[in-house]
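Q: In order, the protein sequence lines correspond to chains F and A.
Heads up: the first sequence is residues 4 to 287, going by the numbering used here.
Heads up: the second sequence is residues 3 to 614, going by the numbering used here.
It is worth saying that the hints were derived from the structure and are not from the lab.
Nothing here was measured: the structure is a model prediction, and the numbers come from that model.
Every residue, glycine too, gets a C-beta built ideally from N, C-alpha and C.
Check before you lean on any hint, since a few could be wrong.
Said to hold, decoys possible - Cut-off 25 Å, straight-line C-alpha distance, at most; resulting in silico cross-link-like pairs (SDA-like, lysine to any residue):
{"hint": "1", "chain 1": "F", "residue 1": "115", "chain 2": "A", "residue 2": "365"}
{"hint": "2", "chain 1": "F", "residue 1": "144", "chain 2": "A", "residue 2": "283"}
{"hint": "3", "chain 1": "A", "residue 1": "279", "chain 2": "F", "residue 2": "238"}
{"hint": "4", "chain 1": "F", "residue 1": "78", "chain 2": "A", "residue 2": "593"}
{"hint": "5", "chain 1": "A", "residue 1": "555", "chain 2": "F", "residue 2": "69"}
{"hint": "6", "chain 1": "F", "residue 1": "183", "chain 2": "A", "residue 2": "362"}
{"hint": "7", "chain 1": "A", "residue 1": "473", "chain 2": "F", "residue 2": "15"}
{"hint": "8", "chain 1": "A", "residue 1": "473", "chain 2": "F", "residue 2": "12"}
{"hint": "9", "chain 1": "A", "residue 1": "473", "chain 2": "F", "residue 2": "65"}
{"hint": "10", "chain 1": "F", "residue 1": "78", "chain 2": "A", "residue 2": "365"}
{"hint": "11", "chain 1": "A", "residue 1": "279", "chain 2": "F", "residue 2": "265"}
{"hint": "12", "chain 1": "F", "residue 1": "70", "chain 2": "A", "residue 2": "396"}
{"hint": "13", "chain 1": "F", "residue 1": "183", "chain 2": "A", "residue 2": "290"}
{"hint": "14", "chain 1": "F", "residue 1": "115", "chain 2": "A", "residue 2": "360"}
{"hint": "15", "chain 1": "F", "residue 1": "70", "chain 2": "A", "residue 2": "383"}
{"hint": "16", "chain 1": "A", "residue 1": "473", "chain 2": "F", "residue 2": "14"}
{"hint": "17", "chain 1": "A", "residue 1": "473", "chain 2": "F", "residue 2": "58"}
{"hint": "18", "chain 1": "F", "residue 1": "83", "chain 2": "A", "residue 2": "279"}
{"hint": "19", "chain 1": "F", "residue 1": "70", "chain 2": "A", "residue 2": "285"}
{"hint": "20", "chain 1": "F", "residue 1": "83", "chain 2": "A", "residue 2": "232"}
{"hint": "21", "chain 1": "F", "residue 1": "220", "chain 2": "A", "residue 2": "508"}
{"hint": "22", "chain 1": "F", "residue 1": "144", "chain 2": "A", "residue 2": "285"}
{"hint": "23", "chain 1": "A", "residue 1": "551", "chain 2": "F", "residue 2": "69"}
Said to hold, decoys possible - Far from chain A, some chain F residues (derived; all Cβ distances over 10 Å):
{"hint": "24", "residue": "24"}
{"hint": "25", "residue": "111"}
{"hint": "26", "residue": "135"}
{"hint": "27", "residue": "209"}
{"hint": "28", "residue": "220"}
{"hint": "29", "residue": "244"}
{"hint": "30", "residue": "263"}
{"hint": "31", "residue": "270"}
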Amino acid sequence: MHAGIIFLLVIVGSILFHIFTPWYWTDIASNWQGMDDTITLTFWVGGGVFVAVCLFMVYCVFKFSYKEGRTVEYKPEDKKLERILTWATTLGVAALLAPGLIIWNQYVNVPKNALEVDVMAWQWGWQYRLPGEDGKLGTTKVININDDNPFGINPNDPFGQDDVIIQSDVLNMETDRPIKILLRSVDVLHNWYVPQFRAKMDAVPGTITFYWFEPNKVGEYEVLCAEYCGVGHYAMRGSVIVQSKQDYNSWLNEQETFSELVAKQNKLKIEENKIAKKINLNLN
Amino acid sequence: MSDEIENKSGYQTQSSETMNEYSGAAVGDVDYVRPAEIPEQDLYHGHTFLTKWVFCQDAKVIGVQYFLTAVFTGIVGLILSWLMRLQLGFPELAGFMTAEHYYQFVTMHGMIMVVYFLTALFLGGFGNYLIPLMVGARDMVFPYVNMLSFWMFFVAVAVLMASFFVPGGPTGSGWTLYPPQAILDGTPGSGAGILLMLISLSLFVIGFTMGGLNYLITILQARTRGMTLMRMPLTVWGIFTATVLAMLAFPALLVSSIMMTLDKVLGTSFFMPTILKAGEVLEYGGGSPILFQHLFWFFGHPEVYIVALPAFGIVSDLISVHARKNIFGYRMMVWAIVGIGALSFFVWAHHMYVSGMNPWFGFFFASTTLIIAVPTAMKVYNWILTLWRGNIRINTVMLWCLGFIVTFVNGGITGIFLGNVSVDVPLSDTYFVVAHFHMVMGIAPLMVIMGAVYHWFPLVAGRMLHEGLGKWHFWITFLGAYSIYFPMHYLGFIGVPRRYFEMYDSPYMTSGVGLNEFISLAAFIVGAAQFILIYNIIKTLKTGKPAGKNPWKANSLEWHTSTVPPEHGNFGERLPVVHRWAYDYSVPGAKEDFMPQTTPPSEVSNTEVEKT
Numbered sequence: 004m005h006a007g008i009i010f011l012l013v014i015v016g017s018i019l020f021h022i023f024t025p026w027y028w029t030d031i032a033s034n035w036q037g038m039d040d041t042i043t044l045t046f047w048v049g050g051g052v053f054v055a056v057c058l059f060m061v062y063c064v065f066k067f068s069y070k071e072g073r074t075v076e077y078k079p080e081d082k083k084l085e086r087i088l089t090w091a092t093t094l095g096v097a098a099l100l101a102p103g104l105i106i107w108n109q110y111v112n113v114p115k116n117a118l119e120v121d122v123m124a125w126q127w128g129w130q131y132r133l134p135g136e137d138g139k140l141g142t143t144k145v146i147n148i149n150d151d152n153p154f155g156i157n158p159n160d161p162f163g164q165d166d167v168i169i170q171s172d173v174l175n176m177e178t179d180r181p182i183k184i185l186l187r188s189v190d191v192l193h194n195w196y197v198p199q200f201r202a203k204m205d206a207v208p209g210t211i212t213f214y215w216f217e218p219n220k221v222g223e224y225e226v227l228c229a230e231y232c233g234v235g236h237y238a239m240r241g242s243v244i245v246q247s248k249q250d251y252n253s254w255l256n257e258q259e260t261f262s263e264l265v266a267k268q269n270k271l272k273i274e275e276n277k278i279a280k281k282i283n284l285n286l287n
Numbered sequence: 003m004s005d006e007i008e009n010k011s012g013y014q015t016q017s018s019e020t021m022n023e024y025s026g027a028a029v030g031d032v033d034y035v036r037p038a039e040i041p042e043q044d045l046y047h048g049h050t051f052l053t054k055w056v057f058c059q060d061a062k063v064i065g066v067q068y069f070l071t072a073v074f075t076g077i078v079g080l081i082l083s084w085l086m087r088l089q090l091g092f093p094e095l096a097g098f099m100t101a102e103h104y105y106q107f108v109t110m111h112g113m114i115m116v117v118y119f120l121t122a123l124f125l126g127g128f129g130n131y132l133i134p135l136m137v138g139a140r141d142m143v144f145p146y147v148n149m150l151s152f153w154m155f156f157v158a159v160a161v162l163m164a165s166f167f168v169p170g171g172p173t174g175s176g177w178t179l180y181p182p183q184a185i186l187d188g189t190p191g192s193g194a195g196i197l198l199m200l201i202s203l204s205l206f207v208i209g210f211t212m213g214g215l216n217y218l219i220t221i222l223q224a225r226t227r228g229m230t231l232m233r234m235p236l237t238v239w240g241i242f243t244a245t246v247l248a249m250l251a252f253p254a255l256l257v258s259s260i261m262m263t264l265d266k267v268l269g270t271s272f273f274m275p276t277i278l279k280a281g282e283v284l285e286y287g288g289g290s291p292i293l294f295q296h297l298f299w300f301f302g303h304p305e306v307y308i309v310a311l312p313a314f315g316i317v318s319d320l321i322s323v324h325a326r327k328n329i330f331g332y333r334m335m336v337w338a339i340v341g342i343g344a345l346s347f348f349v350w351a352h353h354m355y356v357s358g359m360n361p362w363f364g365f366f367f368a369s370t371t372l373i374i375a376v377p378t379a380m381k382v383y384n385w386i387l388t389l390w391r392g393n394i395r396i397n398t399v400m401l402w403c404l405g406f407i408v409t410f411v412n413g414g415i416t417g418i419f420l421g422n423v424s425v426d427v428p429l430s431d432t433y434f435v436v437a438h439f440h441m442v443m444g445i446a447p448l449m450v451i452m453g454a455v456y457h458w459f460p461l462v463a464g465r466m467l468h469e470g471l472g473k474w475h476f477w478i479t480f481l482g483a484y485s486i487y488f489p490m491h492y493l494g495f496i497g498v499p500r501r502y503f504e505m506y507d508s509p510y511m512t513s514g515v516g517l518n519e520f521i522s523l524a525a526f527i528v529g530a531a532q533f534i535l536i537y538n539i540i541k542t543l544k545t546g547k548p549a550g551k552n553p554w555k556a557n558s559l560e561w562h563t564s565t566v567p568p569e570h571g572n573f574g575e576r577l578p579v580v581h582r583w584a585y586d587y588s589v590p591g592a593k594e595d596f597m598p599q600t601t602p603p604s605e606v607s608n609t610e611v612e613k614t
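My request is simple: use the sequences and hints to build the entire structure.
A: What follows is the structure in structure tokens.
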């Protein structure tokens with residue numbers, strides 16, 4: 004009897020917790036409302052099943068707890084009941100799977116007009132690269148990476164010269180424009196994750212992975228690494244600033260391109276050489 | 003090993019003709035059971051302390067050895083979880099803990115609990131103790147290999163524990179051991195720690211294969227007369243199917259361990275692409291980190307069912323015995339176990355939806371994953387339908403079973419969230435996942451283990467555990483564990499990622515601080531409550547009520563041995579002859595509410611027995 008009451012309280016408590024919880028989604032800031040909706044649907048169907056099964060169990064505890072000499076049903080099988088339950092469950096599961104697959108189909112098919120962003124990860128930080136006026140990112144290689152070429156862009160690739168490079172963990176985006184995140188890592192697994200965008204994908208060394216979303220709310224969001232990447236994992240943060248088209252464009256104009264960086268580095272080197280020569284001359 | 007082998011094992015080796023006389027029935031008679039086809043096995047009886055209790059070949063002793071060793075690792079895992087919860091709930095009190103420590107504790111806790119605790123406990127512990135007794139065999143078919151199996155496991159545990167004491171400490175790469183980080187500098191324990199982990203896992207697989215072959219062949223070849231497959235208790239079906247899965251899945255773990263060891267020691271590049279580390283290009287190239295993930299989860303997902311299927315089987319038996327009612331839909335239950343086992347090999351990549359594998363795999367693996375929900379749901383329906391119109395003893399054993407149903411259904415439903423590919427995207431790698439798998443494969447199987455301990459302790463020790471203490475143990479554990487993991491899902495909704503040593507003042511986390519403190523407190527209490535059981539066991543061994551024979555009035559063979567606790571050889575002079583399934587409870591017209599499997603039809607011809 005007491006047992007039944009406590010189990011009943013657990014079920015009622017679970018429902019109340021779900022209704023009144025102060026801990027729930029952060030406000031969504033991307034196009035993936037469909038994911039939230041499927042979660043809500045799964046909550047209704049799954050939660051309904053959970054409550055129904057548990058209430059049935061509690062009812063049995065109340066109704067059929069041990070009494071000497073109680074008549075017990077002896078019925079090893081009930082084909083009809085089992086068939087009904089199987090089909091009902093199958094239908095329920097299919098009803099949940101269908102929207103899940105439809106949204107996954109959208110997730111893996113990137114819109115043509117999406118802006119490609121190269122997200123480069125390492126232990127432990129992020130940096131970003133945007134295509135230049137040609138709209139294409141240059142190819143990269145891990146072995147090309149050095150102080151002069153922090154992204155490992157192939158020096159001979161013409162598409163790479165005008166790439167906009169952002170040597171910072173802060174990335175700006177404009178609202179309502181789809182973004183295709185191209186992920187790569189130079190060492191271990193990472194995952195570029197902004198909870199408000201809902202989407203995520205691992206960065207895998209040796210390959211380029213992708214996902215897309217369309218930010219639709221102006222604001223600043225924290226980027227978290229969502230795939231364990233060693234002892235600095237929890238500190239591997241960054242941020243995203245979603246802004247209006249004008250703000251975004253003025254930010255973009257201030258960024259450096261790859262060829263500008265190369266020119267700057269060369270200039271630096273020439274200066275360094277001059278200074279070195281001067282020193283040599285003076286010494287002589 | 004100086005003892006001579008007694009080829010008669012203390013019992014008469016019986017020829018088939020004499021056996022027919024024992025059953026007392028001729029061909030065509032209702033009680034007729036086919037004669038045995040092979041003579042009985044010879045058993046080695048140890049005489050010295052060493053051969054009787056240490057290098058023992060009695061499956062029951064080996065079962066207890068497995069059980070105790072697994073419980074020891076489980077207590078280590080429990081202490082590690084306390085340390086983690088201290089850091090997460092009250093970081094100001096955990097000043098001694100660095101991020102390195104935290105990740106090492108996370109890793110060791112996970113690996114210990116999944117492999118060295120749950121798997122070893124269910125298959126090595128319950129499997130060894132119960133299989134021969136339940137199928138009516140005198141012992142496992144290869145007792146010597148069985149003994150080796152335990153000692154191999156023991157060495158694996160020793161190697162694992164040794165990694166706490168090597169320079170750099172144990173590996174802190176997460177229990178999934180994902181390369182490249184597992185063997186690179188940025189991860190704690192990437193030197194000796196990870197090597198010992200891989201060696202220990204390899205030893206575990208070798209030891210486990212020895213045990214597993216024993217379980218399978220014993221079940222297939224050494225069942226007593228009349229024990230058809232479709233008369234076996236579901237416990238045996240669960241353990242049998244889980245062992246088949248283990249035989250097929252563990253090799254994937256073994257090869258991935260060996261390949262990673264080679265990557266670490268010899269500098270091969272199975273899993274290692276070109277890597278830039280601290281400005282230097284390492285001497286690796288061309289390997290695939292995702293290949294490891296496929297191998298790991300090809301093992302890892304069946305592993306979930308290696309733990310779950312024995313739990314399903316055991317809980318079916320416990321519910322049936324204590325509800326005094328036949329298990330509802332026995333055949334459906336058997337096929338569901340087998341079906342779930344088969345399907346479990348086609349769902350592994352649902353752990354990898356956001357791993358960067360080809361995204362088109364998502365469609366296939368989401369579909370297979372949700373299909374597996376159907377046989378699983380059928381099992382749940384059949385458990386609660388077994389309670390329906392039963393005569394339910396609300397004792398400690400039944401409470402654990404009811405707790406199992408609540409936690410398992412809860413965890414199963416959240417599995418539908420995570421299996422449904424696009425729903426998994428926002429939730430993966432968050433606390434929602436942590437809450438889900440702890441509920442479904444941590445707490446739910448633990449409920450079954452506890453129920454099984456209270457149920458079979460009288461058989462193993464001959465004394466009844468104290469009911470009052472048992473109920474306190476149950477309620478604290480159940481309510482505490484539920485209040486740890488139910489709210490934890492909501493941290494995942496906020497977006498809190500898992501495996502974070504510290505959240506700082508992230509907007510996602512500041513709102514969850516109070517919740518984290520509450521979860522930690524509950525975890526401390528639940529962990530401490532487990533010592534109630536240890537106290538109960540010690541007290542019962544000294545002063546507990548003697549159990550007598552078959553205290554639960556159960557049908558299956560383990561309760562019908564010649565002595566309680568059963569001696570080596572299990573069944574006295576004659577092996578039992580089986581005439582029915584294990585679930586003839588409350589048969590209309592029968593004198594008592596149970597009917598042991600050995601009851602011949604002629605004795606109960608006036609009853610309405612349906613299935614035999």
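Q: If a hint holds in the structure, say so; if it doesn't, say that too.
A: Checked hints:
no. : hint            : in the structure
1   : F:115 <-> A:365 : 22 Å, holds
2   : F:144 <-> A:283 : 11 Å, holds
3   : A:279 <-> F:238 : 18 Å, holds
4   : F:78 <-> A:593  : 18 Å, holds
5   : A:555 <-> F:69  : 14 Å, holds
6   : F:183 <-> A:362 : 17 Å, holds
7   : A:473 <-> F:15  : 22 Å, holds
8   : A:473 <-> F:12  : 17 Å, holds
9   : A:473 <-> F:65  : 18 Å, holds
10  : F:78 <-> A:365  : 40 Å, violated
11  : A:279 <-> F:265 : 23 Å, holds
12  : F:70 <-> A:396  : 11 Å, holds
13  : F:183 <-> A:290 : 24 Å, holds
14  : F:115 <-> A:360 : 19 Å, holds
15  : F:70 <-> A:383  : 24 Å, holds
16  : A:473 <-> F:14  : 20 Å, holds
17  : A:473 <-> F:58  : 21 Å, holds
18  : F:83 <-> A:279  : 63 Å, violated
19  : F:70 <-> A:285  : 73 Å, violated
20  : F:83 <-> A:232  : 21 Å, holds
21  : F:220 <-> A:508 : 19 Å, holds
22  : F:144 <-> A:285 : 15 Å, holds
23  : A:551 <-> F:69  : 21 Å, holds
24  : 24              : 5 Å, violated
25  : 111             : 4 Å, violated
26  : 135             : 24 Å, holds
27  : 209             : 3 Å, violated
28  : 220             : 14 Å, holds
29  : 244             : 15 Å, holds
30  : 263             : 23 Å, holds
31  : 270             : 23 Å, holds
Of the numbered hints listed earlier, those contradicted by the structure are 10, 18, 19, 24, 25 and 27.
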